[in-house]
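There are 6 protein chains.
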Amino acid sequence: MPFIQIDVTRDGVTKAQKQELILGATQLLKDVLNKDFSLTHVIIREIDSDNWGLAGEQVTEIRKQINKQSNNA
Amino acid sequence: MPFIQIDVTRDGVTKAQKQELILGATQLLKDVLNKDFSLTHVIIREIDSDNWGLAGEQVTEIRKQINKQSNNA
Amino acid sequence: MPFIQIDVTRDGVTKAQKQELILGATQLLKDVLNKDFSLTHVIIREIDSDNWGLAGEQVTEIRKQINKQSNNA
Amino acid sequence: MPFIQIDVTRDGVTKAQKQELILGATQLLKDVLNKDFSLTHVIIREIDSDNWGLAGEQVTEIRKQINKQSNNA
Amino acid sequence: MPFIQIDVTRDGVTKAQKQELILGATQLLKDVLNKDFSLTHVIIREIDSDNWGLAGEQVTEIRKQINKQSNNA
Amino acid sequence: MPFIQIDVTRDGVTKAQKQELILGATQLLKDVLNKDFSLTHVIIREIDSDNWGLAGEQVTEIRKQINKQSNNA
Chain A
1 MPFIQIDVTR DGVTKAQKQE LILGATQLLK DVLNKDFSLT HVIIREIDSD
51 NWGLAGEQVT EIRKQINKQS NNA
Chain B
1 MPFIQIDVTR DGVTKAQKQE LILGATQLLK DVLNKDFSLT HVIIREIDSD
51 NWGLAGEQVT EIRKQINKQS NNA
Chain C
1 MPFIQIDVTR DGVTKAQKQE LILGATQLLK DVLNKDFSLT HVIIREIDSD
51 NWGLAGEQVT EIRKQINKQS NNA
Chain D
1 MPFIQIDVTR DGVTKAQKQE LILGATQLLK DVLNKDFSLT HVIIREIDSD
51 NWGLAGEQVT EIRKQINKQS NNA
Chain E
1 MPFIQIDVTR DGVTKAQKQE LILGATQLLK DVLNKDFSLT HVIIREIDSD
51 NWGLAGEQVT EIRKQINKQS NNA
Chain F
1 MPFIQIDVTR DGVTKAQKQE LILGATQLLK DVLNKDFSLT HVIIREIDSD
51 NWGLAGEQVT EIRKQINKQS NNA
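Chains as they are written, first to last, in full-length UniProt numbering: chain A, 1 to 73; chain B, 1 to 73; chain C, 1 to 73; chain D, 1 to 73; chain E, 1 to 73; chain F, 1 to 73.
Just to be clear, a hint being listed does not mean it is correct.
For identical chains, the list gives no copy identity; a pair is met inside one copy or between any two copies.
Said to hold, decoys possible - In the DSS-like style, the derived pairs of lysine-lysine whose C-alpha atoms are separated by at most 30 Å in a straight line are:
no. : residue 1 : residue 2
1   : 15        : 64
2   : 30        : 15
3   : 35        : 15
Bear in mind the hints are in silico, worked out from the structure with no lab data behind them.
All values derive from a computational prediction rather than experimental measurement.
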């Protein structure tokens, strides 16, 4: 009966990558807890980087600063 | 104070169907637990079928296989 | 593939009431969106009334005030 | 390690408002529980008003009725 | 920035199994999306089997029936 | 209609601290988005430190290592 929700920023995750996440998470529950494949659900949520904050700042802005630093290096 | 979240795949659920889900879920909490209508919130999340996995596979692919089988029958 | 999460305060919801919620929610998804019974999951979360706030106040306190008013009436 | 999820209706929340929500929520966890800024994540979910119900009705419809009453007043 | 929530029934999952789930999920996000280990959070929710329903029935009851069938076989 | 969920590790958060979190989060939504106090719900989830992972490790273990380092310093 496991249910897994994976939240990532919306960054062009491809359909194939989503499939890898779904299969990998389902396999993990099988390996660790012997959960039946047919009962495991996985949901992937893609969150706009304006809507995700870390350390009090939008991920959008954190990434801009990282890029600027790389360019100046 | 109930809060209900309904996750379904994004399949063209109509506005009227959403209203039926909201009313039905609110009524259910009233019927079973006598919860006040005015305090019940319902959120419907529509998830792309690429982002929902069951039994290790994307719902998009599961449906393709079911359709293929129907066509071959 | 529906997934329904029902959040209520922890108030001695009985096992039979939980079963009614699960069946009712599953039936609702069948009635409105024709979702297959066997694919619908329902999770009930019971939240301590100290951990649920409404209008800026703990439900524990809101209920105390309602009880006091009833007693004074 | 706090994780905060803020659900609001999709009403044109601006990027600057999102930043205020993220910073404010992170500061709140610092002020009340002394949680380290760098470990707090905030996710803002914007929900279509057709997909949010209160008191058994879609927020879209609740708002229409409020607007009508304002216009008739 | 990934955030992963794993819902399982409360069945005596050991501390070591939880650690395997946490490490496995974090590794999965690293493998598929190259997400930095230090930014991935994992939360495991254990749900009482009375509070989880599948196909309109409590998992507690589903398991009783499976056990009865095994004993009769 | 906002709904806010605050996840923290279960570390003896007091009733008064929970009240501060609830009030602060409700005030934040009022300040930033002018959301009506009476419509804002807040739920606080307390997660066992065995069930929360960061960077691939249980918070329980991360804290043990931090404490050991402090003691050795």
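**Q.** Numbers of the earlier hints that this structure fails to satisfy, in rising order
**A.** The structure conflicts with no hint, since it agrees with every one listed earlier.
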